[in-house]
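Asker: Could you build the full structure based on these sequences and the hints that come with them?
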Amino acid sequence: DTGVSQDPRHKITKRGQNVTFRCDPISEHNRLYWYRQTLGQGPEFLTYFQNEAQLEKSRLLSDRFSAERPKGSFSTLEIQRTEQGDSAMYLCASSPTVHSYNSPLHFGNGTRLTVT
Amino acid sequence: AQSVTQPDIHITVSEGASLELRCNYSYGATPYLFWYVQSPGQGLQLLLKYFSGDTLVQGIKGFEAEFKRSQSSFNLRKPSVHWSDAAEYFCAVAPNQAGTALIFGKGTTLSVSS
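Those protein sequence lines, which keep their order, are chains A and B. Quick note: to get my numbering, add 136 to the position in the first sequence (first position is 1). Note that my numbering gives residue 40 to position 42 of the second sequence, counting from 1, and the numbers run on in steps of one.
Hints were generated in silico from the structure; no laboratory data involved.
Covered by chain B, per the in silico footprint, the following chain A stretches (three or more residues, Cβ under 8 Å):
1) 176 to 185
2) 244 to 250
Distance condition first, Cα-Cα at most 25 Å in a straight line; then the derived SDA-like pairs of lysine to any residue:
3) B/Lys47 x A/His165
4) B/Lys104 x A/Asn245
5) B/Lys47 x B/Glu86
6) B/Lys47 x A/Glu164
Ideal Cβ positions, reconstructed from N, Cα and C, are used throughout, including at glycine.
Answerer: Given below as structure tokens:
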């Protein structure tokens, strides 16, 4: 399977705990994106990487959120001191380059976070 | 700021009937436009995209979309809907510049009745 892989698929945590999600992009894709999707909404952009460099962050990404892509391959998204409002589906996507005609985003199946 | 509006939250279509899902965008120049489909428990799958050229684009699964600059619209169509098309559909826009992420609409849920 050469698609975008996300782990875990589901995460239930108590308010105040820290959680970390992992995304493995399609190999050789140098762009990696994180999105958040809440019920009844479309995906909302959080941040993206060009190789290991984090090039853009959304204002949705509060200081409790941090993302890394240390070697330009897989990425992690950490949420510290989780709040119930963080409950959502966290989607990862990758692409080989900017949005050219032949290289659209490929999305993973997401990690569903539930904060109790 | 760029935005995408999908006016219909939920649409029900009879199997075999035609379908049109509406999408309007707000952006000064011609953006890149996309339609994605999301089935329960699945990731987003690209149906089709428009970058330039012919304003009628063909996608997978028998879908097509037409870009109308004068109406700032990019509506998705299918001539005959199948039960397996029941899913959530998202229109998205990417400004025509390097490195900018997609902006998605809120989605339209399609139900197919027999």
